[in-house]
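Visitor: Hey, can you work out the whole structure from these sequences and the hints?
Here the sequence shown is numbered in the numbering used here, starting from 1 and rising by one per residue.
These are calculated hints, taken from the structure and not from any lab test.
Some clues are possibly wrong.
Listed next, with one range per pair, are the computed distances between beta-carbon atoms [said to hold, decoys possible]: (1) ALA31 with GLU4: 38 to 48 Å; (2) MET1 with ILE21: 24 to 34 Å; (3) ALA41 with HIS3: 49 to 59 Å; (4) ALA6 with ASN27: 30 to 40 Å; (5) ILE37 with ALA6: 42 to 52 Å; (6) ALA41 with SER17: 28 to 38 Å; (7) THR12 with LEU43: 41 to 51 Å; (8) SER14 with ASP39: 35 to 45 Å; (9) LEU5 with ILE40: 45 to 55 Å; (10) HIS42 with ILE8: 45 to 55 Å.
Pairs of lysine-lysine residues, derived as DSSO-like cross-links and limited to a Cα-Cα distance of at most 30 Å, are as follows [unchecked claim]: (11) LYS16 with LYS2; (12) LYS35 with LYS47; (13) LYS13 with LYS24.
Using N, Cα and C, we set each Cβ at its ideal position, and we do this for glycine too.
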Amino acid sequence: MKHELAHISGDTKSIKSNIEIMSKDLNFIEAATGKNITDIAHLKSVK
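Guide: Right, here's the structure in full:
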C-alpha cells in the first residue's frame, strides 16, 4: 500500500509539472496571438 501511495504521489507531481509547463506555453501563445492581431491591425490601417 505504501508503494502504491508513493507511486500516486509521484504521478500527481508529474501531472502538476506538466500543467505548469502547459500554462506557460499557453501564456506564450496568447502573447504571440495578441502581437499578431496588433500587427494585422497596423497593416490594415496602412492600406
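Visitor: Evaluate each hint against the coordinates.
Guide: These are the hints, each one checked on the structure:
no. : hint                         : in the structure
1   : ALA31 with GLU4: 38 to 48 Å  : holds, 41 Å
2   : MET1 with ILE21: 24 to 34 Å  : holds, 31 Å
3   : ALA41 with HIS3: 49 to 59 Å  : holds, 57 Å
4   : ALA6 with ASN27: 30 to 40 Å  : holds, 32 Å
5   : ILE37 with ALA6: 42 to 52 Å  : holds, 47 Å
6   : ALA41 with SER17: 28 to 38 Å : holds, 37 Å
7   : THR12 with LEU43: 41 to 51 Å : holds, 47 Å
8   : SER14 with ASP39: 35 to 45 Å : holds, 38 Å
9   : LEU5 with ILE40: 45 to 55 Å  : holds, 52 Å
10  : HIS42 with ILE8: 45 to 55 Å  : holds, 51 Å
11  : LYS16 with LYS2              : holds, 21 Å
12  : LYS35 with LYS47             : holds, 19 Å
13  : LYS13 with LYS24             : holds, 17 Å
Checked against the numbered hints given earlier, this structure breaks none of them.
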